[in-house]
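Here are the chains, one letter per residue:
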Amino acid sequence: MKTLLQLFWTFFKIGAFTFGSGYAMIPMIEKEVVDRRKWFERDEFYDQFALASSAPGPFALNTAVFVGYKLKGWWGSLFAVLGAVLPSFLIILLIAMYLSGFRGNRYVEAAFKGIRPAVIALIAVPFINMLKRLPWYFMLMALAVAGVICYVGVSPIWFILAGALAGVVLTWYEKPRPDGKGGAE
Amino acid sequence: MIYLQLFLSYLKIGFFGFGGGYAMLSLIQNEMVTRHGWMTATELADIVAVSQMTPGPIAINCATYVGYTVTGNIWGSMLTTFAVSLPPLTLMVLITIFYNRLKSNAYMQGAMKWMKPMICGMIGAAALLFLNGETFIDWKSYAIFAVCFIATWFKVDSILMIVLSAAAGILLYL
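In order, the protein sequences belong to chains A and B.
Residue numbering for the first sequence is 292 to 476, as defined by the working numbering.
Residue numbering for the second sequence is 436 to 609, as defined by the working numbering.
Be careful, since some hints might not be right.
[Said to hold, decoys possible] Only part of the chain B face toward chain A is listed, based on derived beta-carbon distances under 7 Å:
(1) Met474
(2) Ala546
(3) Ala560
[As the list claims (entries may be wrong)] Now the in silico label distances, taken between C-beta atoms and shown as ranges:
(4) A:Trp427 with B:Thr475: 34 to 40 Å
(5) A:Val443 with B:Tyr438: 26 to 32 Å
(6) B:Asn567 with A:Ala341: 32 to 38 Å
(7) A:Glu321 with B:Asn535: 17 to 23 Å
(8) B:Trp510 with A:Tyr389: 24 to 30 Å
(9) B:Ile437 with A:Arg328: 38 to 44 Å
(10) A:Glu332 with B:Ala602: 29 to 35 Å
(11) B:Ile509 with A:Met292: 25 to 31 Å
Calculated from the structure, these hints are not laboratory results.
We put the CB at the ideal spot given by N, CA and C, even for glycine.
Using the sequences provided together with the hints, build the complete structure.
Below, the structure is given as structure tokens:
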């Protein structure tokens, strides 16, 4: 029980004090989980972390799951996730309950007029950075996908599925007998 | 009925939410704005701004916010937040258990490689959808965008940038 509460509290703190993208919380999680609590070796943590970031779903929660699971199995995951979710849940709930009251306020409206273009910049920069690192055929594909999702309204789910399928088929085609066993490195 | 729709939408957002918050934003847009009309693109942009300034993942913030505004009560919020937390609690647990086998699986690596341009396109789509007459009202919007773009490019802290653009908004539009 003590470990479960520690897990809850550790991830509650992480959830309450990390702003912005998931990647911004890596240093804080690392400090808590590796340096302070010594739940993980650094290499092991980074290995598992790489996997958590390629799994679907919010990536802070995926991290909570693997840390919790290592210490206390499924219950550990549950407590860690609860801890990670609770701060943003409570804060956003308060905002949702009271923001509508500010909607008509002319100061708030003016502030949001300034914020909206900033939000687009915030998304456009990581998009361009990611685009730059792709080979040219993937670059064209990404641009086409962006256009079709936005202007035709096709669900991104189809593109995710198509990408995964293409990857599996091509791997199978190129490598008739892939070594699926791997093993710990 | 609305509860079931919300639950299923956020379940989808969770299970197909590869590639982090901004890529997930395109799924959220598709479900919330395009498909169900639960919110406008501008409202979503406002929530993204709020969620940059409050702690926690964007997906959780959006789920909590939309759950409340669509149903008007806390149960709606709890339901959507639970739905978006389910994939980590199920899929990620499995991934953790089969970690050693998955790590070097060629098929999984192939799938990941081909999902990359899709994820990149999703982030692009999120930016494109916000590019409309309601976010870009006049030349001042373009000026704010240009300054913020350069600032983000040179890694200026995003919270600081939102606070400054809010101040700019009050100065320019009041």
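> So the hint says 26 to 32 Å: do the beta-carbon atoms of Val443 (chain A) and Tyr438 (chain B) match that?
Replying inline: 29 Å, holds
>> Ala546 (chain B) was flagged as interface toward chain A. Is the shortest Cβ-Cβ separation under 7 Å?
In response: 4 Å, holds
> Is the hint on Met474 (chain B) kept, meaning its closest Cβ partner in chain A is under 7 Å away?
Replying inline: 12 Å, violated
>> Taking 24 to 30 Å as the stated bounds, is the beta-carbon spacing between Trp510 (chain B) and Tyr389 (chain A) within them?
In response: 18 Å, violated
>> Quick check on the hint: Ala560 (chain B) CB to chain A CB, less than 7 Å?
In response: 4 Å, holds
> At the C-beta level, are Trp427 (chain A) and Thr475 (chain B) separated by a distance inside 34 to 40 Å?
Replying inline: For Trp427 (chain A) and Thr475 (chain B) the Cβ distance comes to about 36 Å; the hint holds.
> Range hint 32 to 38 Å: satisfied by the CB atoms of Asn567 (chain B) and Ala341 (chain A)?
Replying inline: With a Cβ separation near 37 Å, Asn567 (chain B) and Ala341 (chain A) satisfy 32 to 38 Å, so the hint holds.
> Has the hinted range 38 to 44 Å been met by the Cβ atoms of Ile437 (chain B) and Arg328 (chain A)?
Replying inline: 42 Å, holds
> Is the hinted range of 29 to 35 Å satisfied by the C-beta distance from Glu332 (chain A) to Ala602 (chain B)?
Replying inline: 45 Å, violated
> Ile509 (chain B) and Met292 (chain A), beta-carbon distance inside 25 to 31 Å?
Replying inline: 28 Å, holds
>> Given the hint of 17 to 23 Å, is the C-beta distance from Glu321 (chain A) to Asn535 (chain B) inside that range or not?
In response: 22 Å, holds
Hint compliance for this structure: hints 1, 8, 10 are broken, all remaining hints hold.
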